[in-house]
Structures are given as structure tokens and as C-alpha cells.
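Whenever a hint applies, use it, and build me the whole structure from the sequences.
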Amino acid sequence: MPVGAGHAHVLYRDANSPVHRLPPEVKIAAMVAFTVAVVATPRAAFWAIGAYALLVAVVAALARVSLPWLLTRSAIELPFVLFAFALPFIGAGERVEALGMSLSVEGLHGAWNILAKGTLGVWASLLLAATTTTRDLIVGLDRLRCPQIITQIATFMLRYLDVLVGEARRMRVARISRGDDPRFLWQLRGFAAGIGTLFLRAFERGERVYLAMLSRGYTGRMPAVWQGAGAATTGQWLIGATVPLLAGTVAATAVVLT
Amino acid sequence: METLAMHISNGIINGPVAALFAVIALAAMALAVQRGRQDLDDRLAPMAGLVAAFIFAVQMLNFPIFTAGVSGHLLGGALAAMLVGPWVGALCLAVVLVVQALVFGDGGVAMLGLSITNMAVIGVAVAYLLIALLLRVLPRTVAGLAVTAFVAALVSVVVAALGFVLQYWLGGTADLGGNLAGLAGTMAVSHLFIGIGEGLITATTVVTVAKVRPDLVYALRARRPATPATVPTVGGVR
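Quick mapping for you: the protein sequence lines, in order, are chains A and B. Per numbering that gives the first Met the number 0: the first sequence = residues 0 to 257. Per numbering that gives the first Met the number 0: the second sequence = residues 0 to 237.
Be aware that one or more of the hints could be misleading.
[Said to hold, decoys possible] Calculated from the model, a selection of chain B residues having no Cβ within reach of chain A, i.e. all distances over 12 Å: (1) Leu128; (2) Leu133; (3) Val136; (4) Leu161; (5) Phe192.
[To be verified] A short, non-exhaustive set of chain B residues, derived as facing chain A with CB atoms under 8 Å: (6) Val98; (7) Trp168; (8) Leu169; (9) Thr185; (10) Arg212.
No wet-lab data here; the hints were simulated from the structure. Backbone N, C-alpha and C fix where the C-beta goes; we use that ideal spot for every residue, glycine too.
And the structure:
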């Protein structure tokens, strides 16, 4: 865990770029709109996918996120992309011969579609995650009129993830100090037996945190929200809208052309 | 923290079907917000956060389903329904999915409606209906509670997995032809095994909580005596 644990998350890259400075609500809205434009693009429009990738690269450069980092982190989609690799073999319809294998044309198109759009979506999320802290994400969701009950659950979830991890670590240390030897598969039994206890211990710690927050005036919203500081200006909304507008134009052109 | 979980990624299901399920998911979540507000008191708020964090953690355990190239993971719908009730439970699942999509790039943002419908709506609803039924039928013992949790978790996982098959049948971007039955079979069988693991985790967790703090188990609220449960005093001493 970095020193900033509790304030930032693993994917956050600390920097002071124009993208980092944009209010979170603008970035969330832009990211969602961009993804929708990508998904709405007909899959035969190969040039459009290239245009989207270029947009991602420009934003990444502006945000000082290096391309190697973006590429390494997009390995997250590998388990699911396996599905795409299977498609040319199990797909139906017309087949072509390539590299001595009989491949389904429909399956190949499907695989390309999933790979390209999935990767673009992951890149967009990674750019948002790299430039926005967890706290800002919640503030952004709140400013986007997300119901308070949802932002409240999200806030506690992110806080309690650390509580849960810390409690699990403490229980593991306690087991080791009592002569247990947790290794590879053998620790599963001890872990399974302790999972209920882990949950309860984490809850009781979390409950104390919550009551402490209540007694310090917590009403269910982040201070930054009810103080209204740093909300997006019209200018910032316009800057943020450039990327989804460009992506929307590309998508519309692609739909008209095909 | 290494994230390996992956939900439906962008482009697997076509736009119109994704939009249709986004509308379904939004409507269901609006209802859950409405009804969940009444449930969320001082005891349930931190519990909802912890349940969400717990589900977030267990969803990272991912099991690749090699034959179809799809992977499966624990869902946590039954645990949420049991501990915080159907409305807040569905919201917890939805929050997990939204944060995974926004922060970890896990599952496509445009496909969120599909994932939320499968896991937060179908999964939690099936689990809660089973819980409500089984708690009435089975003996009011620890074993009865454990069996309820196990069965609810197992069935809800399999049904949620079949929800994906339904969505793929409606709007999969690649035509699998006759292989859709194969996809359904693989999803069902593999999630049966995942469901057993999920059932065991749900049962142990719920039983432990019910033994020590029965006031925290939403599904047992109706059984609770009228006297209010103890509230922690200063310093957390009870």
C-alpha cells in the first residue's frame, strides 16, 4: 500500500495535468459518453476504431499517463478476451481458411468487435481512474445527482475495503503467532473457518468508525459537496465535452457511411 | 491489489439490447432507492458499506471457464439479501459493479445495465425470494439458517449466469449458431460449482453473524423480539 492509502487507489497516478484538474463530474460524464459512442459504432468501420484510439492517446498524453502503463494495465481484460479468441472457432456461418485453420467470418468479426471496443472501454476507464482520486469520484457522482443512498454505500465500501484488508492481515498474523503455518493451499482451511469472524470483526470496527463520524457531524454527504466548492464551471464542461463530441461525430459518420 | 474480475465488456452485446437492459436496470434501481431509504438506519448504513466491500473483495476471485473462454466469479447476491435486505442489497451490488467499471475498468460502462440486471436485480431477487420461502419452511435452527443461505446463494448464482445467456441470445454481437445451447450449458455447469463455493462462504458468514449479532441479519428481523438491540456504548464496549 502506498503512503496515500485511504486517499487514493492503486490506479491513481499523482500529477498536476489539465486532465487531473478537471472536476470529476465532467470526467465521469465524458467517459460514459465516449464509451457509448464507441459501442454504437458499426463494427465494420475499422477507421473509426483508429480515430478513437488516437483520441485516447491524446488524452493520455495530456494527462501524463504513459502508454506502457496504459497497455500493461489493460491486461485486466485478458480473462474476458479469451471469449473473443474462441469465437472464430465456434462461430456460425461462412468460413475462411487461414493459417491452415477453418475460421468463421462471423466469429472473426465478432472477435474483432469485442477486442477493439472492450480495449477502448478499458482505456477510457483507466484514464479516469489514473486522474481521479476515489474521494473525487464519489463527489463527482454526488454532483451528477446520484441518489445519496448510493453515494453513501459507495463511500463506505471504499473506506471499508481498507478495514477489511487490515483486519484480514491482523487475523493472519494472529494465526501465525499461534503456530499456524499458512502456505499456498493449506491456508485455505484456516481462512475458510475464519471468514465469518473476519466479517464480524470488520463490521464492528467499521461500526465504530461510522459512529465516530456521526458524532463529528456526518450527515451522509461529503463535506466538499455540501460546501459546493470546486463544482464544474460552464467552461470546464465545454472543455470536457470535446472528447465525447469528437467521438460522437466519428460514430455518426461511421453509421452514415456503412 | 491485483484485479482479475471481469464482467461483460464493451461490444459483447449489441447496443439496442444493452440500452434495453440499462432501462430495466435503471427502473429497478430507482425502485430500490425508493424502498431502500426506509431500511437504511444507523445500523444498516455501515453494514451496507461492509457488505459491498466484502462483495467487492470476493468478486476479485475469478474462475476461468476454459471451454468457452468466459470466466465466472462469486456474486454475493444472497449474502447481501440476507444481511441488508433486497432493496439495499441490490444497491450494494450495483455500487460494486459501477465502481468496478469506473475505477478498475472492469466490465464495460456501456454494458453496466446488463451486469446490474443479472447480478443486482435477478441475483438478489431470486436469493431473497428463496430466503423468505425457506426461512418459513425450514426449522428455526442454525442448520436451517445455514441451509437457507447455501441454497439461496447456489440458485441465485446459476440463475444470474443464465441471465447472461438470455442477453446473449437477444443481442450477442457474434452469431454462435447452434452453440448457444453449449454456452448455456457451460455457464450453468460452471456456475453450479461457483455456486457451491459461494453457498459455503455465504452460509459460514451468515451463521457467524447470526450467532453473535442476530440484530444485524436483515432476514431475521421479523423474528427479533420487540426489545431494541444493544447500541455500542462509548469506547465500543458492549
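Quick rundown of the hints versus the structure:
1. Even its closest Cβ contact with chain A, about 22 Å, leaves B:Leu128 beyond 12 Å, as expected for a residue assigned away from the interface.
2. For B:Leu133, the non-interface assignment is confirmed: its Cβ lies about 20 Å from the closest Cβ of chain A, beyond the 12 Å cut-off.
3. The Cβ of B:Val136 sits about 24 Å from the closest Cβ of chain A, beyond the 12 Å cut-off, so the non-interface label holds.
4. For B:Leu161, the requirement that its beta carbon stay farther than 12 Å from each beta carbon of chain A is met, with the minimum near 17 Å.
5. The beta carbon of B:Phe192 sits about 16 Å from the closest Cβ of chain A, which is more than 12 Å, so the claim that it is off the interface holds.
6. Checking B:Val98 against chain A by beta carbon gives a least distance of about 6 Å; that is within 8 Å, so the hint holds.
7. Because the smallest distance between the Cβ of B:Trp168 and any Cβ of chain A comes to about 13 Å, over 8 Å, the interface hint for this residue is violated.
8. The beta carbon of B:Leu169 comes no nearer than 15 Å to any beta carbon in chain A, farther than 8 Å, and the hint placing it at the interface is violated.
9. Interface hint status for B:Thr185: violated, as the beta-carbon distance to the closest one in chain A is roughly 11 Å, over 8 Å.
10. Taken as an interface hint, B:Arg212 checks out: its beta carbon lies about 7 Å from the nearest beta carbon of chain A, inside 8 Å.
Figure legend: structure checked against the earlier numbered hints; hints not met, in rising order: 7, 8 and 9.
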